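Chemist: Here is how the chains run, residue by residue.
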Amino acid sequence: MLTLEGVTKRFGGLTAVRAVSLDVREHELVGIIGPNGAGKTTLFNVVAGYYRPEEGRVFFAGSDVTGRAPHDICRLGLTRTFQIVKPFGNLSVVDNVMIGALTRTPGVRAARSDAERVVDACGLAPYATARARALPIALRKRLEVARALATRPRVLLLDEVMAGLNPTELGGMVDLIRRLHAEGLTVVVIEHIMAAMMRLAQRIVVLHHGEKIAEGTPAQIVADRRVVDAYLGEEFVLAQA
Amino acid sequence: MTALTRHAGAVVLFGGAAVVPLVIRDAFFLDSLVLILLWGALSAAWNVAGGYAGQVSIGHASFFGIGAYAGALMVTRFGKSPWLGMLLGVVISIGAGLIIGFLSNRLKGPYFALSTIALSQVLLIAVSRWRGFTAGGEGIPVPFRPGFATLGLGHVAWVYMALAVAILYYGVEVYLEHSRIGYQLAGVREDEDAAEALGIATRALKVIAVTVSAALTSVCGTLWAQYVGFVDPAYVFSVDLSVRFALNTIIGGIGTALGPYLGSILITVLETYLRATFAGMKTGFTGIYLVIYGAALILVVRWAPEGLTGIAARLRARAAAGARGARAHA
Amino acid sequence: MDPARPLGPAQIDAVAQLGVSTILLGGIYALIAVGLTLIFGIMRVVNFAHGEFLMLGMYLAFWSFTLWRVDPYFVLVVAIPLFFVVGLVTYVLVMKGVITASHNVQIFTTFGLSILLQNVALVAWSGDFRFVRPWHLSVALRIGGTTFNLSQVVAFVIAVVLTVALVAFMKWTHTGRVMRATAQDRDAATLMGIDTDRVYRLTFAIGIAAVGAAGVLVAPLYSVYPTAGLQFVLLSYVVVVLGGLGDMAGALIGSLIVAAVEVAGSYVFGIAWKEIFYFLLFILVLVFRPAGLFGQRGSETLGA
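Residue numbers (the numbering used here), protein chains in the order written: chain A, 1322 to 1562; chain B, 129 to 458; chain C, 13 to 316.
None of these hints come from the bench; they were simulated from the model. Do not take every clue at face value.
No farther apart than 25 Å at their CA atoms in a straight line, the calculated lysine to any residue pairs in the SDA-like style are these [stated by the list, open to error]: (1) C:183 x C:193; (2) A:1407 x B:310; (3) A:1407 x B:332; (4) B:236 x C:116; (5) B:236 x C:296; (6) B:236 x A:1393; (7) C:108 x C:208; (8) B:236 x A:1405; (9) A:1407 x C:113; (10) B:236 x C:108; (11) B:236 x A:1454; (12) A:1407 x B:234; (13) B:236 x C:287; (14) A:1407 x C:114; (15) A:1407 x A:1456; (16) C:183 x C:204; (17) B:236 x A:1412; (18) B:236 x C:243; (19) A:1407 x B:233; (20) C:108 x C:189; (21) B:208 x B:273; (22) C:108 x A:1454; (23) A:1407 x B:336.
Quick caveat: nothing in here was measured; it's all calculated off a predicted structure.
With the hints as constraints, model all of the structure from the sequences given.
Modeler: Below is the structure:
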């Protein structure tokens, strides 16, 4: 479904992502973890078309999408969310989602009813007419997901949608992601917090200093020596796991 | 809300403008009305790029000047109809709009604004220096030849001409507010990266918005030149003019269909009033008027960024809440 | 009065003439631009009214000279503290409120300020072109086989001294270091207990003092009128963009480049076309090197 072959992204002298290969199968729920600065978001930016990699290729649904514009990639069926949420602040929640829906549904009326369905499914119905900027962070993260869903993606890239949530909110987000996955969506999740990931992902990829240092089931990952070393400086994160 | 109540402001404004020439024949009054409508339409044209797409240009005088000169030169140099000049102006403005649109993809916020000023300054200098063709800094008087084909119209006819353009542009913006492209532009304006992630071709969309805005501005430039009967580079390409389009819109309500017209009324009436009040002063009214203008800009942007339409909406919401409260008590 | 046009005989060596003209002009542009770089780099605010403070400086020189026969170079002693205070007041009244606002708010606020100041000048002093003609304007100096007037040379020397003093202040004093730290990371600076409001106030005041001083210095070299600032503000932005945002050394090199383009452009195409070169250069730089010729520090945050 989504294949990365030896992707390398440099900024000046700094290599943010080094020769990362990855294969995400249809209906899979893959987690990407790693300490801050490991290159997770950079990797998403390469996959979603925001950065062009210096080396390597990205294939999506059988075609080479390396260096394609983000909107093209979205239209092909791969939509990402942003770690630092980017709501259309002055618009209502439902308008935010509708702008996503308009990518698949050209008619404004039809797009609005699509949007309302998605808003409902994401538990945002009570806030449908609120201005996006007025929402608390947990709901803005949800809006980020809802808006992406409205583009009817086949693969959804979620960039730290659980960071900064309290335990209840976190549980809600985990449930939402599980449900989307159960409904047939392929999901790739970036997370800094291992705990949530252990419960959620079928397969986990660990990035460290821009390189893939491990890949496997959650059980394999916690037992992996290199992973523990990479996280040594961040014991509190492991402790939560 | 029915269509009529939603556009009540526009119905009152444009309906009033349509009725007034039937009653009042005072030339000064009709002149003010034509200018209000033309400035309103020009501000509406700016609003397409600056308000709806969020590409704030301070060089829209470029397109105004292109339209004005295309019309004036078509008449004076080639002896052809100003309508043909309007068409040519639109074609050139589309070209210039594509350049500005391209810049909007490379540059953001203040840099984009600066580059638009630079473009208008380049045009100002080029037109001022190319004396052989444009008559340079002295400007060109546009001869008045009565008739629709030559745009030699009386005051009343000009009111209806300006009104037609104003209604047309209002219609364009109402369409924008309710169409797919309008929503997508709102996305681009609010957050470009997010819009791009949602499958919106942000770059193409910005170029389209800026180019349409340029073409609409150019049309009014031609009309203005034919109405006033004189063009000179220092005015038609001035930064002041560009700022005026923006200011009308901001004061009226940026990104709303009615805002540019409300702003135009307020500013034109204020200008006329101050002109009358300070006409006796040696240095003229221009300075005082612009001092107030500058101060108004600072205050509005800071304290009422949503302009007159925003204030009206807030009052309406409060009134509605009050009515609900009264009903709840009853 | 155009500093790009030397007074000497026509047969002088063109290259030396252009070279010296470039350096003289570049030094003055540097002082104008360095204040803008400071404000732009540290506060991340676009100040469209920057040129108007230059214009006010020019008028200060004009009136001091016309009313009391005070030479512009002595006016500097008053001008620098005066414009420092003007900067403080402007910051408190206008800039403080918009520093965290959106770019559009900043653009229109400073534009409003620009219109306001231009027209205050228009109402107070009319739109007439004024000239400051101190004695040193007609003293010819030969430099590198080329003739220049003394005003140009002194303006250059003072501009360079002031610019260097400012660069040194930023580099070596505690306050300067605090200001640069704030430029690099506003949030971190706040966390470290730096009073950012105080830093911005100081930055703006210093920036305005620099451009006001520049206005006084250039008054004998250009005509003085209410919109005299416009061409300089655009030019300063060219310099700032060329040199990289907030990079003071970059601004010095940018000034020389802009001066060279202007001098060479006027020489080849004639004085009448010289402004067109700033603007074309400006658009080209923005399009092809929006991050400046030497780097990209800070351009992302400004662009966002």
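Chemist: All hints, please: hold or fail.
Modeler: These are the hints, each one checked on the structure:
no. : hint            : verdict
1   : C:183 x C:193   : 11 Å, holds
2   : A:1407 x B:310  : 19 Å, holds
3   : A:1407 x B:332  : 21 Å, holds
4   : B:236 x C:116   : 11 Å, holds
5   : B:236 x C:296   : 15 Å, holds
6   : B:236 x A:1393  : 22 Å, holds
7   : C:108 x C:208   : 11 Å, holds
8   : B:236 x A:1405  : 20 Å, holds
9   : A:1407 x C:113  : 17 Å, holds
10  : B:236 x C:108   : 23 Å, holds
11  : B:236 x A:1454  : 22 Å, holds
12  : A:1407 x B:234  : 21 Å, holds
13  : B:236 x C:287   : 24 Å, holds
14  : A:1407 x C:114  : 15 Å, holds
15  : A:1407 x A:1456 : 12 Å, holds
16  : C:183 x C:204   : 19 Å, holds
17  : B:236 x A:1412  : 21 Å, holds
18  : B:236 x C:243   : 22 Å, holds
19  : A:1407 x B:233  : 19 Å, holds
20  : C:108 x C:189   : 21 Å, holds
21  : B:208 x B:273   : 12 Å, holds
22  : C:108 x A:1454  : 23 Å, holds
23  : A:1407 x B:336  : 24 Å, holds
In summary, the structure agrees with every hint in the numbered list given earlier.
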